[in-house]
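Student: First to last, the sequence lines map onto chains A, B and C. For what it's worth, our numbering labels the leading residue of the first sequence as 3, then goes sequentially. For what it's worth, our numbering labels the leading residue of the second sequence as 3, then goes sequentially. For what it's worth, our numbering labels the leading residue of the third sequence as 3, then goes sequentially.
If you are wondering where the hints come from, they were derived from the structure by calculation, not from laboratory data. Errors might be hidden in some of the hints.
The list cannot tell twin chains apart, which means a pair is met if one copy fits it or any two copies do.
What the hints assert, rightly or not - Here are the simulated DSS-like pairs of lysine-lysine, each with C-alpha atoms no more than 30 Å apart in a straight line:
id: 1; residue 1: Lys14; residue 2: Lys80
id: 2; residue 1: Lys14; residue 2: Lys187
id: 3; residue 1: Lys80; residue 2: Lys23
id: 4; residue 1: Lys23; residue 2: Lys51
id: 5; residue 1: Lys155; residue 2: Lys23
id: 6; residue 1: Lys51; residue 2: Lys80
id: 7; residue 1: Lys175; residue 2: Lys14
id: 8; residue 1: Lys98; residue 2: Lys86
id: 9; residue 1: Lys23; residue 2: Lys175
id: 10; residue 1: Lys187; residue 2: Lys23
id: 11; residue 1: Lys187; residue 2: Lys155
id: 12; residue 1: Lys86; residue 2: Lys23
id: 13; residue 1: Lys80; residue 2: Lys175
id: 14; residue 1: Lys175; residue 2: Lys4
id: 15; residue 1: Lys86; residue 2: Lys175
id: 16; residue 1: Lys175; residue 2: Lys98
id: 17; residue 1: Lys4; residue 2: Lys183
id: 18; residue 1: Lys80; residue 2: Lys4
id: 19; residue 1: Lys51; residue 2: Lys175
id: 20; residue 1: Lys51; residue 2: Lys14
id: 21; residue 1: Lys183; residue 2: Lys23
id: 22; residue 1: Lys4; residue 2: Lys14
id: 23; residue 1: Lys155; residue 2: Lys98
Note that the structure is predicted; figures quoted are calculated from it, not measured.
Chain by chain, the residues:
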Amino acid sequence: MKYSIYTRTGDKGNTRIGGGKALPKNAERIEAFGALDGLNSWFGLVSTKNDCGEDIQEDMAHIQQFLFDCSSDLSIPKGYREYKLAQDHIDWLEMKIDSYSEEPEETQYFIIPGGTELASWFHILRTTTRDAERRIVTFMEQEPDEVNPFVLKFINRLSDYLFVVARVANARKGVPDVPYKRSEKVFR
Amino acid sequence: MKYSIYTRTGDKGNTRIGGGKALPKNAERIEAFGALDGLNSWFGLVSTKNDCGEDIQEDMAHIQQFLFDCSSDLSIPKGYREYKLAQDHIDWLEMKIDSYSEEPEETQYFIIPGGTELASWFHILRTTTRDAERRIVTFMEQEPDEVNPFVLKFINRLSDYLFVVARVANARKGVPDVPYKRSEKVFR
Amino acid sequence: MKYSIYTRTGDKGNTRIGGGKALPKNAERIEAFGALDGLNSWFGLVSTKNDCGEDIQEDMAHIQQFLFDCSSDLSIPKGYREYKLAQDHIDWLEMKIDSYSEEPEETQYFIIPGGTELASWFHILRTTTRDAERRIVTFMEQEPDEVNPFVLKFINRLSDYLFVVARVANARKGVPDVPYKRSEKVFR
Ligand code: B12
Ligand code: B12
Ligand code: B12
Ligand SMILES: C[C@H]1O[C@@H](n2cnc3c(N)ncnc32)[C@H](O)[C@@H]1O
Ligand SMILES: C[C@H]1O[C@@H](n2cnc3c(N)ncnc32)[C@H](O)[C@@H]1O
Ligand SMILES: C[C@H]1O[C@@H](n2cnc3c(N)ncnc32)[C@H](O)[C@@H]1O
Ligand SMILES: [Mg+2]
Ligand SMILES: [Mg+2]
Ligand SMILES: [Mg+2]
Numbered sequence: 003m004k005y006s007i008y009t010r011t012g013d014k015g016n017t018r019i020g021g022g023k024a025l026p027k028n029a030e031r032i033e034a035f036g037a038l039d040g041l042n043s044w045f046g047l048v049s050t051k052n053d054c055g056e057d058i059q060e061d062m063a064h065i066q067q068f069l070f071d072c073s074s075d076l077s078i079p080k081g082y083r084e085y086k087l088a089q090d091h092i093d094w095l096e097m098k099i100d101s102y103s104e105e106p107e108e109t110q111y112f113i114i115p116g117g118t119e120l121a122s123w124f125h126i127l128r129t130t131t132r133d134a135e136r137r138i139v140t141f142m143e144q145e146p147d148e149v150n151p152f153v154l155k156f157i158n159r160l161s162d163y164l165f166v167v168a169r170v171a172n173a174r175k176g177v178p179d180v181p182y183k184r185s186e187k188v189f190r
Numbered sequence: 003m004k005y006s007i008y009t010r011t012g013d014k015g016n017t018r019i020g021g022g023k024a025l026p027k028n029a030e031r032i033e034a035f036g037a038l039d040g041l042n043s044w045f046g047l048v049s050t051k052n053d054c055g056e057d058i059q060e061d062m063a064h065i066q067q068f069l070f071d072c073s074s075d076l077s078i079p080k081g082y083r084e085y086k087l088a089q090d091h092i093d094w095l096e097m098k099i100d101s102y103s104e105e106p107e108e109t110q111y112f113i114i115p116g117g118t119e120l121a122s123w124f125h126i127l128r129t130t131t132r133d134a135e136r137r138i139v140t141f142m143e144q145e146p147d148e149v150n151p152f153v154l155k156f157i158n159r160l161s162d163y164l165f166v167v168a169r170v171a172n173a174r175k176g177v178p179d180v181p182y183k184r185s186e187k188v189f190r
Numbered sequence: 003m004k005y006s007i008y009t010r011t012g013d014k015g016n017t018r019i020g021g022g023k024a025l026p027k028n029a030e031r032i033e034a035f036g037a038l039d040g041l042n043s044w045f046g047l048v049s050t051k052n053d054c055g056e057d058i059q060e061d062m063a064h065i066q067q068f069l070f071d072c073s074s075d076l077s078i079p080k081g082y083r084e085y086k087l088a089q090d091h092i093d094w095l096e097m098k099i100d101s102y103s104e105e106p107e108e109t110q111y112f113i114i115p116g117g118t119e120l121a122s123w124f125h126i127l128r129t130t131t132r133d134a135e136r137r138i139v140t141f142m143e144q145e146p147d148e149v150n151p152f153v154l155k156f157i158n159r160l161s162d163y164l165f166v167v168a169r170v171a172n173a174r175k176g177v178p179d180v181p182y183k184r185s186e187k188v189f190r
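The following block holds chain A by itself, in its conformation from the complex:
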């Protein structure tokens, strides 16, 4: 590579966002898109582990691009350019959820994360998505106008997609989900 990847500019704890504004690295905005960068990396890993369907494989490739769109929208000040995330992305996820939901058997009880290795990975993606969601909410609390509302919707729906896909991964291998023993009936 001709350029050097390190610029040393962040050595004292400050950095810049799109457009050039300077911020401390622990600013809520940076926490939010940093969490999405991490989530995207986990998706990259799980993509190399999927042994349970081309449909899910293709979904993950799209989701990785969409997650980059999300962090891209969070990394620029409002109005800098048009946002990338829109209602389409949410419709796409809901369509996927509806269709996968037919595969696993209905449960009324919370399930213990696990089963096949792949199902476990989807539960990890599910909770990591929810971690990122909380960081986006914190940023939004601080600067309500700076969060594209479709980003938050997408991330909320994504964790439900991942719950269903975790169950699909087990169902496709004939592995039953283990119920949480002391659960009340919570799903309806």
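Starting from the known structure of chain A, arrange chains B and C with the ligands on it as the hints suggest.
Tutor: For chains B and C with the ligands alone, coordinates are given in the frame of chain A:
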């Protein structure tokens, strides 16, 4: 499934806890049980990787149920029902720690996380448990009466259990733990 | 082992640092070195997965020791002893980055984390390193004199090292990096 897993109610960043109270998703209570949901997912994964004893396999299945009990106790207001976590759970962990402690060779020095793949996973569970512990402490700082004290005890002891089991995983495969070179004598 | 690993002293949410000072477990200092303990555990795991060069394997063994030096420097009050991390450690990383940078093909666009399993793991280490960096910055904001500046520099450079090594892992297997489709030209 007859029901739809997504309800769209959390699309703007708010949610509910057991009993129905509304909270922002980044509330300290939600951070705390969200961290436990994540930890439980990691246990699910490591359970699929264990190649080093039925005893540890059975422990992990119990621990996953207990972790759900912990998050369940954190997800309801005090007095809503009796807590699930009690001294028994701590006694159970201490008994396990005492017994596994006989297997690895004594060390005075910090050890570098690693060795076998499984030992590495237990170190990851150990530090992820400690991450969750910090989130519970933050919630307790804010609402001291809302944390079942046995939950905190259990999580504290769990990370010590995981340290010992990480060492057991290496010992059972004859893989020595690597000491931290510039460590003082810290264990006694 | 003769000693018991659990002391029960932290059961109520408080703990001690090097030198003996008491702190709540969620103190920013503890968050910072706790994050490094976690990062070190992930390095332990990835070390067991490396199939792409002795050079990188040796680097990781050194980095684990250095990460322990970093958390060690963060776990004592300033002046308690000389710091362990110094400019040498940064020079070492920069030399490594410069040399690995010749292997992958130049890209102007952000890349989607993924490719080989190992490359995915390096992206995960990269983002986990950046998570830890933000926790160190938060601690430094609170107590500017308590952070060895070389620790922050090292961690900043480490994430750039990991970006390059992720790309090297793909290049050595002939797997092309997938560009982010809607990326502007960002690297130069
Ligand atoms: C706490 C909680 C969690 C915690 C669980 C912690 C634990 N260890 O228990 C965590 C964070 C792990 C979690 C995760 C998930 N959860 Co949750 N969770 C809840 C919550 C707030 C309480 C669950 C509980 O313990 N209920 C028992 C007691 C405490 O509940 P209660 O308030 O007294 O309510 C009772 C009555 O009011 C009555 N009731 C309430 N509504 C209705 C409606 C009708 C028609 C009837 C007859 C009765 C009735 O039944 C309830 C249970 O007996 C519920 C919402 C809720 N209040 O039920 C969502 C809820 C059950 N979760 C939900 C979802 C979607 C999930 C996840 C799939 C989210 C995700 N994408 O990851 C995962 C699944 C995890 C798994 N492994 O299975 C949805 C389910 C939607 C549905 N279609 O049923 C709910 C309903 C929230 C919502 N969106 O409205 N969850
Ligand atoms: C910082 C710290 C960590 C950091 C280390 C960071 C780093 N890079 O160094 C992290 C977070 C990684 C860590 C992790 C763990 N730690 Co720790 N850690 C400490 C701490 C606070 C300082 C360690 C240190 O550097 N000591 C050297 C200097 C700075 O210490 P000092 O305060 O000056 O103390 C010296 C003297 O006072 C004297 N001394 C103190 N007490 C006594 C008692 C006697 C009888 C004698 C003769 C001398 C003596 O010896 C000390 C060392 O020379 C100690 C508590 C402590 N103060 O020692 C716990 C401590 C060593 N950790 C402990 C534990 C249990 C762990 C974990 C297993 C926890 C877990 N479940 O994950 C892991 C193990 C990690 C591993 N990979 O091996 C326990 C050990 C209990 C025991 N039976 O010995 C201690 C003692 C804390 C406690 N509970 O009281 N730890
Ligand atoms: C946001 C951001 C991220 C986000 C991306 C989120 C997303 N989904 O888009 C995240 C956190 C994921 C990220 C990660 C990384 N990033 Co980044 N990131 C940025 C940032 C702030 C904006 C990128 C962007 O969208 N630019 C487009 C628009 C919004 O940018 P703009 O401000 O309007 O700038 C334009 C003009 O000003 C002009 N311009 C600016 N400078 C110059 C100089 C010249 C000579 C010219 C001709 C034009 C020009 O070009 C810009 C782009 O068109 C840039 C800094 C920056 N301002 O460009 C760094 C930047 C691109 N990142 C950088 C680095 C190093 C990385 C990482 C490798 C860090 C790491 N170790 O993990 C990773 C790589 C991730 C990957 N997968 O490829 C460096 C690249 C250094 C280099 N040699 O080019 C930059 C430049 C920051 C820096 N250090 O100065 N990043
Ligand atoms: C299913 C339950 O999970 C909780 N919940 C909703 N969103 C999140 C999140 N991002 N992280 C953790 N917990 C969450 C709420 O309590 C909801 O009712
Ligand atoms: C072994 C050392 O680890 C630190 N310690 C104790 N609890 C936690 C936690 N939850 N997370 C990170 N570090 C912790 C204290 O400094 C203790 O002395
Ligand atoms: C490449 C871009 O990544 C962001 N950035 C810099 N440091 C961190 C960090 N520790 N965590 C998350 N994001 C970071 C800045 O916005 C920088 O410009
Ligand atoms: Mg939700
Ligand atoms: Mg402890
Ligand atoms: Mg940097």
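Student: So, for every hint listed, does it hold in this structure?
Tutor: Each hint tested on the structure:
1. For a Cα distance limit of 30 Å, the shortest separation of lysine 14 from lysine 80 qualifies both inside one copy, at 27 Å, and across copies, at 18 Å.
2. For a Cα distance limit of 30 Å, the shortest separation of lysine 14 from lysine 187 across copies, 26 Å, qualifies, whereas the shortest one inside one copy, 51 Å, does not.
3. In this homomeric assembly, lysine 80 and lysine 23 come within 30 Å of each other (Cα to Cα) only inside a single copy, at 12 Å, whereas the closest approach across copies is 33 Å.
4. For the homomeric pair lysine 23 and lysine 51, neither the shortest alpha-carbon distance inside one copy (39 Å) nor that between copies (39 Å) is at most 30 Å.
5. For the homomeric pair lysine 155 and lysine 23, the shortest alpha-carbon distances inside one copy (26 Å) and between copies (21 Å) are both at most 30 Å.
6. In the homo-oligomer, the alpha carbons of lysine 51 and lysine 80 never lie at most 30 Å apart, since the shortest distance is 37 Å inside one protomer and 42 Å across protomers.
7. Neither within a single protomer nor between protomers do lysine 175 and lysine 14 lie at most 30 Å apart by alpha-carbon distance, with minima of 50 Å and 36 Å respectively.
8. Within a single copy, lysine 98 and lysine 86 get their C-alpha atoms as close as 20 Å, which meets the 30 Å cut-off; across copies the closest is 37 Å, which misses it.
9. In this assembly of identical chains, the alpha carbons of lysine 23 and lysine 175 never lie at most 30 Å apart, being 50 Å within a copy and 38 Å across copies at closest.
10. Taking the closest pair of Cα atoms, lysine 187 and lysine 23 come within 30 Å of each other only across two copies (18 Å); inside a single copy the shortest separation is 49 Å, beyond that limit.
11. Both within a single protomer and between protomers do lysine 187 and lysine 155 lie at most 30 Å apart by alpha-carbon distance, with minima of 26 Å and 28 Å respectively.
12. Proximity of lysine 86 to lysine 23 under the C-alpha cut-off of 30 Å is restricted to the intra-copy arrangement: shortest distance 20 Å within a copy versus 34 Å between copies.
13. For the homomeric pair lysine 80 and lysine 175, neither the shortest alpha-carbon distance inside one copy (46 Å) nor that between copies (41 Å) is at most 30 Å.
14. In this assembly of identical chains, the alpha carbons of lysine 175 and lysine 4 lie at most 30 Å apart only when taken from different copies (22 Å versus 48 Å within one copy).
15. For the homomeric pair lysine 86 and lysine 175, neither the shortest alpha-carbon distance inside one copy (37 Å) nor that between copies (33 Å) is at most 30 Å.
16. In the homo-oligomer, the alpha carbons of lysine 175 and lysine 98 lie at most 30 Å apart inside one protomer (20 Å), although the nearest pairing across protomers, at 33 Å, exceeds that limit.
17. Within a single copy, lysine 4 and lysine 183 get their C-alpha atoms only as close as 58 Å, which misses the 30 Å cut-off; across copies the closest is 22 Å, which meets it.
18. Taking the shortest Cα distances, lysine 80 and lysine 4 never come within 30 Å of each other, neither inside one copy (33 Å) nor across copies (40 Å).
19. Proximity of lysine 51 to lysine 175 under the C-alpha cut-off of 30 Å is found in both arrangements, the shortest distances being 15 Å within a copy and 17 Å between copies.
20. Taking CA atoms no more than 30 Å apart as the test, lysine 51 paired with lysine 14 passes in neither setting, with 38 Å inside one copy and 33 Å between copies.
21. Taking the closest pair of Cα atoms, lysine 183 and lysine 23 come within 30 Å of each other only across two copies (24 Å); inside a single copy the shortest separation is 51 Å, beyond that limit.
22. Taking the shortest alpha-carbon separations for lysine 4 and lysine 14, only the intra-copy value of 25 Å comes in at or below 30 Å, while the best inter-copy value is 44 Å.
23. Taking CA atoms no more than 30 Å apart as the test, lysine 155 paired with lysine 98 passes inside one copy only; the shortest distance there is 15 Å, against 42 Å between copies.
Of the hints listed earlier, those the structure fails to meet are numbers 4, 6, 7, 9, 13, 15, 18, 20, in rising order.
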